[in-house]
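Engineer: Residue strings, one per chain:
There are 2 protein chains.
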Amino acid sequence: MLKQSPSLDLVFQALADPTRRAMVERMTKGPASVSDLARPFAMTLAAVMQHLKVLEESGLVRTQKEGRVRTCTIEPDVLRTAEDWIADRRTSWETKLDRLGALLDES
Amino acid sequence: MLKQSPSLDLVFQALADPTRRAMVERMTKGPASVSDLARPFAMTLAAVMQHLKVLEESGLVRTQKEGRVRTCTIEPDVLRTAEDWIADRRTSWETKLDRLGALLDES
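These protein sequence lines are chains B and R, in that order.
If you count by our numbering, then the first sequence holds residues 17 to 123, one letter each, in order.
If you count by our numbering, then the second sequence holds residues 17 to 123, one letter each, in order.
If you're looking for bench data, these hints aren't it; they were derived computationally from the structure.
Just so you know, not all the hints are guaranteed correct.
[Said to hold, decoys possible] Pairs of lysine to aspartate or glutamate, EDC-like flavour, derived with a Cα cap of 20 Å:
1. B/Lys45 - R/Asp100
2. R/Lys45 - B/Asp104
3. B/Lys112 - R/Asp93
The task is simple: from the sequences and hints, build the whole structure.
Structural biologist: Structural data, given as structure tokens:
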């Protein structure tokens, strides 16, 4: 039976877009306002907000509004979850390969 | 200017689906035939082939046909590329946080 991981679906989907990855990259340098995030991109504020919404719904980004400024902060634990999923599969395969190598050496 | 990373787009897109992640998981246990991959899923072979195509186009999976059997193998380097992208951003943010903490301790 297939184990559902809806949050991983949303996290990988959020990371599958170069603009959203660039926004994540900017936020790793410190909390950013929506204007900060929008600055490098030749796109409307509405388009930037749409990307931000995808990031927020995935859990990768938390936003907080104080007065007229919305501040966006990265959630490292969610990055970690995605990183761990990939790392676990990669090491599982590498362990398998090592075992196959050892079997070949023995034979 | 936005740096395009089309391969990361395809890799994260490929990982954003639970069926494809389950197929990757299966392949970390060793090379698999298309029937092996299809077995746990209540879906048509055509649907499985479509998922496999997305995985292959992302570079995450390599397939090789010998006679009537197509064997599917994981590409750990491509998993590694996605893992490294996430890890680099996470550690960049954690370093930033440590610096902020140090500044607060000094003040």
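Engineer: Would you mind marking each hint as holding or not holding in the structure?
Structural biologist: Going through the hints against the structure:
Proposed proximity of B/Lys45 and R/Asp100 is supported: the alpha carbons are some 17 Å apart, at most 20 Å. The straight-line distance between the Cα atoms of R/Lys45 and B/Asp104 is roughly 12 Å, inside the 20 Å bound, and the hint therefore holds. Proximity of B/Lys112 to R/Asp93 is assessed by CA-CA distance (about 15 Å); at most 20 Å being required, the pair is judged to hold.
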